[in-house]
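Using the sequences provided together with the hints, build the complete structure.
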Amino acid sequence: MSIIGALFPLLAACDGSLTVTGNTSSQTQTQTQTQTQTQTQTQTQTQTQNLPLKANAGVDKSVDDMTTVTLSAVKSEGNIASYSWQQVENGTPMVSITGYDSSSATVTIPDVMESMPFIFHLTVTDESGEKSDDTVVINVSNKDQNHNVIMRAVRVTREWMPFSSLDGWTQAVRVKESEHLKFYEVAIWEETASVHLYAFPNDYDAFYGSQPGVSDEDKIAYREQFAVMTFNNMPPAEEYTSRSEFLKNAFSQFAVYLAGKYPDSDQHLMYSGHGTPGGRLFEALLDYSDVTDFLKTWTNSLGRKLGVVDMGGPCTKGGFSDLDNFCDFARYYIASDLNNGGYQFDDWTFEKSQETTPEYQYHNFFSQYKELSEVLKNRIDIMRKAYEYSRQNMVMNQVMQANYLYSCHEFASFREPFKMFINDKPKDGYYQFDDLYSYMLNNGAEKELIDLYSPVIIHQADNKDFFEWPAPHNGMLMIDPKRVNQE
Numbered sequence: 009m010s011i012i013g014a015l016f017p018l019l020a021a022c023d024g025s026l027t028v029t030g031n032t033s034s035q036t037q038t039q040t041q042t043q044t045q046t047q048t049q050t051q052t053q054t055q056t057q058n059l060p061l062k063a064n065a066g067v068d069k070s071v072d073d074m075t076t077v078t079l080s081a082v083k084s085e086g087n088i089a090s091y092s093w094q095q096v097e098n099g100t101p102m103v104s105i106t107g108y109d110s111s112s113a114t115v116t117i118p119d120v121m122e123s124m125p126f127i128f129h130l131t132v133t134d135e136s137g138e139k140s141d142d143t144v145v146i147n148v149s150n151k152d153q154n155h156n157v158i159m160r161a162v163r164v165t166r167e168w169m170p171f172s173s174l175d176g177w178t179q180a181v182r183v184k185e186s187e188h189l190k191f192y193e194v195a196i197w198e199e200t201a202s203v204h205l206y207a208f209p210n211d212y213d214a215f216y217g218s219q220p221g222v223s224d225e226d227k228i229a230y231r232e233q234f235a236v237m238t239f240n241n242m243p244p245a246e247e248y249t250s251r252s253e254f255l256k257n258a259f260s261q262f263a264v265y266l267a268g269k270y271p272d273s274d275q276h277l278m279y280s281g282h283g284t285p286g287g288r289l290f291e292a293l294l295d296y297s298d299v300t301d302f303l304k305t306w307t308n309s310l311g312r313k314l315g316v317v318d319m320g321g322p323c324t325k326g327g328f329s330d331l332d333n334f335c336d337f338a339r340y341y342i343a344s345d346l347n348n349g350g351y352q353f354d355d356w357t358f359e360k361s362q363e364t365t366p367e368y369q370y371h372n373f374f375s376q377y378k379e380l381s382e383v384l385k386n387r388i389d390i391m392r393k394a395y396e397y398s399r400q401n402m403v404m405n406q407v408m409q410a411n412y413l414y415s416c417h418e419f420a421s422f423r424e425p426f427k428m429f430i431n432d433k434p435k436d437g438y439y440q441f442d443d444l445y446s447y448m449l450n451n452g453a454e455k456e457l458i459d460l461y462s463p464v465i466i467h468q469a470d471n472k473d474f475f476e477w478p479a480p481h482n483g484m485l486m487i488d489p490k491r492v493n494q495e
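For the sequence shown, position 55 (counting from the first letter as 1) is numbered 63 according to our numbering, and the numbering increases by one without interruption.
It should be emphasised that the hints constitute simulated quantities derived from the structure, not laboratory data. Virtual Cβ for every residue (Gly too), placed ideally from N, Cα, C. Careful, some of the hints might be misleading.
[As the list claims (entries may be wrong)] Quick list of simulated restraints, FRET-style, between CB atoms:
1. LYS304 with VAL403: 43 to 53 Å
2. MET237 with ASP336: 17 to 27 Å
3. TYR368 with THR76: 38 to 48 Å
4. MET102 with PHE215: 43 to 53 Å
5. PHE441 with VAL82: 54 to 64 Å
6. GLU396 with TYR439: 23 to 33 Å
7. ARG182 with ASP336: 27 to 37 Å
8. LYS304 with SER123: 18 to 28 Å
9. LYS472 with ASP354: 16 to 26 Å
10. LYS472 with GLY176: 30 to 40 Å
11. PHE441 with LYS472: 16 to 26 Å
[Stated by the list, open to error] Straight-line Cα separation of at most 27 Å, BS3-like style, residue types lysine-lysine; simulated pairs:
12. LYS490 with LYS427
13. LYS455 with LYS472
14. LYS83 with LYS62
15. LYS227 with LYS190
16. LYS69 with LYS378
17. LYS69 with LYS83
18. LYS393 with LYS472
19. LYS304 with LYS427
20. LYS304 with LYS190
21. LYS490 with LYS435
22. LYS190 with LYS378
23. LYS304 with LYS490
24. LYS304 with LYS385
25. LYS393 with LYS190
26. LYS433 with LYS490
27. LYS385 with LYS472
28. LYS360 with LYS378
29. LYS269 with LYS378
30. LYS139 with LYS69
31. LYS472 with LYS360
32. LYS435 with LYS455
33. LYS190 with LYS269
What follows is the structure, encoded as C-alpha cells:
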C-alpha cells in the first residue's frame with residue numbers, strides 16, 4: 009500500500025464520486041458497528057411504539073418572566089400519530105404556542121407583576137384515535153422589582169374643608185413618590201362641582217397658605233399647578249344617574265392617562281372616605297354599572313388587571329357584590345365587613361400614626377417585598393398594630409374591627425356556585441349586611457361550597473381576641489338582594 013493510500017483511504021474522483029481504497033477490514037468493522045447501532049435504534053423505537061399510549065409533558069420548571077420556554081413531549085410513549093399543546097386558563101395571561109401540534113413547542117412568557125403558574129396541557133393521539141393527556145406547570149417569577157402607581161381618591165365636601173384649603177386630605181399621603189411607588193391623588197370637589205387629578209411632588213407644602221399675605225386665590229393657584237386633569241360641571245347629587253356617568257367619564261380618562269404614562273407599572277386603586285356594600289364606589293356616587301365601565305376602561309388600556317383595589321378604609325366594603333364587581337378587574341381586594349374606625353390610640357404618637365398608615369407604609373412595603381401578595385399582607389398587618397395600640401379604648405367601647413385581603417382568583421371559583429346556592433332562597437330572608445359564612449352554615453350549604461369560600465380570604469387582621477364579639481363577622485357580607493338573578 010502506498011503512503012498516500014494509507015493516509016487517505018478515501019480519494020475523491022474528478023467527477024466528485026468517492027473511490028474506496030485502503031484497509032477493507034477496517035471498513036467492514038465500521039459497517040458492522042453502524043448496522044448494530046441502527047438495529048439497536050430500530051429495536052428501541054419499536055419497543056417505544058409497542059408501549060401503551062402515555063402522554064408525558066415533561067417535569068414542572070421555574071423560570072423568570074420574559075423568557076422563551078420549550079415544551080417537550082419526547083418522553084411520551086406509544087405509537088403517537090399527533091400532538092396537541094394548549095394553555096390552561098387559570099387567570100394568567102394567555103400566550104401563543106409555537107409548534108402547538110408537534111412534540112416540541114415553544115412559548116414566550118410575558119412580563120408579569122408577580123409570580124404565577126402557567127399551565128400547559130398536552131394531548132397525544134395514536135393512529136386508532138386513542139388519546140392520553142398530561143400537564144406541565146411553568147412557575148414564572150418576576151425578575152425585576154416593579155414600579156407601582158396608586159390612584160387614591162377622596163371626596164371633599166363643603167363641611168369638611170373649602171376649595172381654598174391646601175392641607176387636610178393632601179397630608180394623608182406625606183410621601184408622594186419613591187423609587188417603587190408614585191401616588192396620584194383625585195379630589196371630588198363638592199364646592200366647585202369638579203374632579204381633579206393631582207400629581208403632587210414630595211416638596212408640596214401643605215402649609216403654604218399659612219404664610220402672611222397669602223390670599224385664597226394664591227393658595228388655589230399653588231395647589232392647582234399640580235393638577236394633571238380637571239373635569240368641571242359635575243351634576244348635583246340629586247341627579248344621581250347623570251353624576252355617576254360624569255364621574256365614570258372623569259375617572260376613565262384618569263385611568264387612560266395613567267395607563268399611557270406608566271404602561272409597565274403595576275397600578276392600583278384606593279379610596280379614603282365613607283363606604284357601603286353593594287359594588288359601588290366613592291360613597292356610592294359611582295353606580296355599579298359605571299364602576300364596571302370605569303374599571304374595564306382602565307384594565308383594557310393597561311392590558312392587564314389592576315394589582316389591588318384597596319377599600320380597607322371605608323366601612324363595610326367587604327360585601328359579596330363588591331368582590332363580584334371589582335374582582336373582574338384586579339388580582340386582590342382589601343376591605344372590611346365592619347364599620348371602620350370609632351376608636352383612638354391609648355397613647356397616641358406621631359410615630360405610631362405613621363407606622364399604621366397604609367399610605368405611608370406602602371412605600372416601605374413595595375421596596376422590601378417583590379411579591380404584591382406579601383406587600384398586601386404587611387399592609388393588613390399594620391392594622392393589627394393599630395388595634396394593639398388602641399386595645400384599652402376598643403375593649404372599653406366594645407369596638408369590633410377587622411381588615412381582610414381577598415384573592416380575586418379564588419373568589420372567581422366561589423362566585424358562581426354561591427349564586428346558584430342563593431338563587432332559590434327568599435330575598436327577604438337576609439340583608440346585605442348579614443354575614444355570608446353564617447348564612448351558608450345556617451341554610452344548608454354543601455361542604456363543597458364552604459370549601460370554595462375558605463381560600464378567598466388569604467390574610468386578615470381583627471381584634472376578636474380583645475373581647476367577645478356580640479355578632480358573627482367572618483369576613484364577607486351577603487350579596488345585595490337586588491342583584492340576585494341579575495348577575
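Identify every previously stated hint that the structure contradicts and give their numbers, smallest first. Of the numbered hints, all hold.
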